[in-house]
Amino acid sequence: MSLSSLKKQNNKFADGKVQLEYLSNGIFANGELPTFGRKIMETGQFPLRPKKLEVLQINLGYMCNQVCEHCHVDAGPDRKEIMTKETMLQCLEVIKNTQATTLDFTGGAPEMNPNFRWFVDEASKAGIKDFIVRSNLTIIRSNKKYYDLPDFFKSHNVHVVSSMPHWTRGKTDKQRGSGVFDQSIKALQELNAVGYGMPDSDLKLDLVYNPSGAFLPGDQENMERDFKKALLEDFEIQFHNLFSITNLPVSRFLDYLIASDNYEDYMYSLVEAYNPLAVENVMCTNTISVSWEGWLYDCDFNQMLGLKVASKVKHISDYNEELLNNRNIIISQHCYGCTAGAGSSCQGVVA
Amino acid sequence: MANDNYYDPKDLRKFGNITEWSEELGTKFFDYYGKVFEEGALTAREKSLIALAVSHVVKCPYCIDAYTKDGLQKGITKEEMMEAVHVGAAIESGATLVHGVQMMNKYNKLSM
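Residue numbers (this note's numbering), protein chains in the order written: chain A, 1 to 351; chain B, 1001 to 1112.
Just so you know, these hints were derived from the structure itself, not from any lab. Every residue, glycine too, gets a C-beta built ideally from N, C-alpha and C. One should not assume that every hint holds.
[Unchecked claim] Computed beta-carbon distance windows for the label pairs:
no., chain 1, residue 1, chain 2, residue 2, range
1, A, Asn25, B, Phe1015, 22 to 30 Å
2, A, Thr84, B, Phe1015, 51 to 59 Å
3, A, His315, B, Val1085, 50 to 58 Å
4, B, Glu1092, A, Gln189, 44 to 52 Å
5, B, Val1058, A, Arg169, 31 to 39 Å
6, B, Val1054, A, Leu323, 52 to 60 Å
7, B, Phe1029, A, Gly170, 35 to 43 Å
8, B, Thr1019, A, Gly26, 22 to 30 Å
9, B, Asp1065, A, Asn25, 22 to 30 Å
Whole structure, please, built from the sequences with the hints as guidance.
Below you can see the structure in the form of structure tokens.
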């Protein structure tokens, strides 16, 4: 596994434009497979439009202590993009008036932003009650200064959503890096110790499963049952729900698909698994994604592809919810990743 | 269209096309096939492993591709997959070897 980001390697797929071009060429240009736009037209769902805004997903920066093979953010220790306090203040202004009720922090490792805790405190004062943090778990064990994160999360009743690709060491370390499994297990035990993930606990701990390879995730309920059984038996770990998430052909995962000669088969699988019902509830219909610089996107994937919202309002400093909600969502072939099977989003299967 | 191989991995995608030349039988087959692999008295996971073992025994490259991927999707480990293949191989070699009894019977019958 490479220890540097595509950006650092000067890989051409670090560029969103190159990715979008690739996703529109080949099997989609020659008509072998329908483009996503054509597909949703069949069921009268084009153009894709937002519904009620519920979630502001804020990307606090692309810096991360891990370099996962499938990462659509191309995050890693060599990424220096971090949200400044100034941009956070602009976000806080928006938070005071938004109809969104949930703040969803992502990254990179959002906890690595030096102002992370301050931002959560301020957002809490501004009235936000529902916080989600996308934690990679190992961050909690990576440095002493993060050891008390479980207590901090608890103090704001932050809903912790953590990645865990498999309940076996081999598969986890292969995807996320050597030693990640043991560190993740330790972090989960610590979250359990303060009450996270325990049966009937209000401290929500959910796990995210995404396949470690060029295949789609299986049935979410079955996977959850297998994960729960194995983690409890082997490590006495408990959690609430498992979200099974499809890998989108973006950034490192796209690079992997192409390099391993799996791209076409994978796109066929996604198109075959297309479910028009899943289109109704894709995350871009209730979420606005904010980048570390304050730019606005339909989702975190569009953020990585450089596709800013199709609205007069493109930056958090000009935020106008009414104008923003009256927009068409920008789509491309990567969107098939959110409409495969029962559907997938950062909230897990949507059916 | 030129194709010098008896097996082309891409042909698996076209499996559904067999209904074009015989719609009734093709559709009945796929309905049946789909039903067989639903959760039942056996879990979909167990059925996937059986299918993988049988795929090896009938030596169907398309089926091996399909049920390796299906196993990955269901979170089946490579150790489980390999054990399933051994189950198929054991039955197959057992089927050969149990005929050894027939050979022994015949040998004994023919010998004074």
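Item to check | Hints violated by the structure (numbers, ascending) | outcome: none
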